[in-house]
Every structure is written in C-alpha cells, then in structure tokens.
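Novice: What follows is each chain in one-letter form.
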Amino acid sequence: QQQVKQSPQSLIVQKGGISIINCAYENTAFDYFPWYQQFPGKGPALLIAIRPDVSEKKEGRFTISFNKSAKQFSLHIMDSQPGDSATYFCAANLEGNNLFFGTGTRLTVIP
Amino acid sequence: DTAVSQTPKYLVTQMGNDKSIKCEQNLGHDTMYWYKQDSKKFLKIMFSYNNKELIINETVPNRFSPKSPDKAHLNLHINSLELGDSAVYFCASSLPFGEQFFGPGTRLTVL
Numbered sequence: 001q002q003q004v005k006q007s008p009q010s011l012i013v014q015k016g017g018i019s020i021i022n023c024a025y026e027n028t029a030f031d032y033f034p035w036y037q038q039f040p041g042k043g044p045a046l047l048i049a050i051r052p053d054v055s056e057k058k059e060g061r062f063t064i065s066f067n068k069s070a071k072q073f074s075l076h077i078m079d080s081q082p083g084d085s086a087t088y089f090c091a092a093n094l095e096g097n098n099l100f101f102g103t104g105t106r107l108t109v110i111p
Numbered sequence: 001d002t003a004v005s006q007t008p009k010y011l012v013t014q015m016g017n018d019k020s021i022k023c024e025q026n027l028g029h030d031t032m033y034w035y036k037q038d039s040k041k042f043l044k045i046m047f048s049y050n051n052k053e054l055i056i057n058e059t060v061p062n063r064f065s066p067k068s069p070d071k072a073h074l075n076l077h078i079n080s081l082e083l084g085d086s087a088v089y090f091c092a093s094s095l096p097f098g099e100q101f102f103g104p105g106t107r108l109t110v111l
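Sequences listed follow chains A and B, in order. In case it helps, the working numbering puts the first sequence at residues 1 to 111. In case it helps, the working numbering puts the second sequence at residues 1 to 111.
Honestly, I wouldn't trust all of these hints.
What the hints assert, rightly or not - In silico BS3-like cross-links for lysine-lysine, where the CA-CA straight-line distance does not exceed 30 Å:
(1) B:Lys19 / A:Lys71
(2) B:Lys19 / A:Lys15
(3) B:Lys44 / A:Lys68
(4) A:Lys42 / B:Lys19
(5) B:Lys41 / A:Lys71
Claimed, not checked - Covered by chain B, according to a simulated footprint, are these stretches of chain A (three or more residues, beta-carbon under 8 Å):
(6) 42-49
(7) 84-98
Said to hold, decoys possible - On the chain A side, residues computed to face chain B include the following (Cβ under 7 Å):
(8) Phe101
(9) Thr103
(10) Gly104
In case anyone wonders, no lab produced these hints; they're calculated from the structure. In this text, a Cβ means the ideal position worked out from N, Cα and C, and glycines have one as well.
With the sequences and hints as input, model every part of the structure.
Specialist: Below, the structure is given as structure tokens:
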C-alpha cells in the first residue's frame, strides 16, 4: 500500500518556468514532510521540509505548500534551471524517523 | 570528507550467492538505515538501527540481515541471492528525529 501518492511521474519545464510536484497522504499521524532531490548515480539529498503546523515554507527558489485539511502538499520550483533536472521525492515521517517515500517525479528543465 | 559511504558501488553476482554491502558514517549519528530502490526508482525502507538495536524491519525476507558492529557501521548481508534482489541499496544515517543523510548507493545485479 502506497502511503504517499506523488504526481506527476515526469515533468518537462522550460528554463525559467515553474515546476510543481504534488503529493497526498492519508495517515494523519505523519508529523514531518521532507522533499528529497536525487541526481543520477547519487543518493537522495534533503532539499526542504515542513511540519504540519505550517502552511508554507520557502527556501530560495523552492517552496513547499501544505494543506493539512486536504492532506496534500506540493513542491514549487521557481525560475527552474537545467541544473534542477533530477528526480524529486516527497516523503512523510511517522513516529520518529520512519520515512515513507512517494514514487518520485523525474524533472527535466530544458534550456 | 564523505559523510555516509558504502562499498562496493557496484556488485554483480550469480543467483544463490551470499554477499555483503558495507556502510559507514562519520557524522556521529545514532540511527542508521538501509533502503532499497527498485528499477522504478521506488524507495522503501528495509531496516533501521538505533544504537545497535533494530527498530524497524519492514517485511523484508529473512535472507537479508543487517549487522551493526558499532554505531558508525551498518552492514547488509544477503543470503541466497535472487533475481528480484537486483536494485540499488542505500544506506542512510540521522540523529534522532533529524534529517536523514544518504550514501551514494550500491547497485546490485543478480544474474
């Protein structure tokens, strides 16, 4: 059973555009929602994270929007750059450090 | 300095063999993990060790056994390898309730 649903599976964006990746969950016990970025041949790396008592968090060009009532959260990448091309994973944390990952979104930013 | 390291990076072996993957972290973290990433890039936790104690075992076959000789190391031993074990295996570590730092991964191919 997929605890965290992620869409789209792949995304192509023009340089300078906005990339949006969406995730949804059911378990209201999740207490922390990180996004990970993975480049080919590398391990995932934490990009940005949010806790459910906050509706938005921004770090540079990356913003998480969190809708607790809808049990949805999304990653927005502003002014997308070719260097942002990677696979992005949303995740949800349960009881300490038990992370459940989404299925990943392969982002391609074309010049 | 590499924070979380894994060896080997690539492992090619025959069905039925036994193999080990080693993981070391120099971050002073208390908790270490093993994840499996399948061909569709889906990441799923296999094990978690906190101060040398197993705290998560997510329905992984008992052919897989984590071994933690000390707080900085968590090795993964796999017996009687099967074709379906082919995947990328990631080690990670964290402080309690903290960000998980991933290693570079070990690509296991079972022939």
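Novice: Please go over all the hints and tell whether each is borne out by the structure.
Specialist: Evaluation of the provided hints:
A hinted pair counts as satisfied when its Cα atoms are at most 30 Å apart, and Lys19 (chain B) with Lys71 (chain A) does not qualify at roughly 41 Å. In summary, the hint linking Lys19 (chain B) to Lys15 (chain A) is not supported, as the alpha carbons are separated by about 44 Å, beyond the 30 Å threshold. Proximity of Lys44 (chain B) to Lys68 (chain A) is assessed by CA-CA distance (about 24 Å); at most 30 Å being required, the pair is judged to hold. About 22 Å separates the Cα atoms of Lys42 (chain A) and Lys19 (chain B), which keeps this hinted pair within 30 Å; it holds.
At roughly 24 Å between alpha-carbon atoms, Lys41 (chain B) and Lys71 (chain A) fall within 30 Å of each other, so this suggested pair holds. Look at the segment 42-49 of chain A against chain B: 6 of its residues bring a Cβ nearer than 8 Å to a Cβ of that chain, three or more, so the hint holds. Using a Cβ-Cβ cut-off of 8 Å, 5 residues of the segment 84-98 of chain A lie near chain B, which meets the minimum of three, so the contact claim holds. With its C-beta approaching chain B no nearer than about 4 Å, Phe101 (chain A) sits inside the 7 Å limit, and its interface hint holds.
Below 7 Å, beta-carbon pairs count as interface contacts, and Thr103 (chain A) has one with chain B at about 6 Å; its hint therefore holds. Given hint, Gly104 (chain A) at the interface with chain B, holds; its Cβ is 5 Å from that chain's nearest Cβ, closer than 7 Å.
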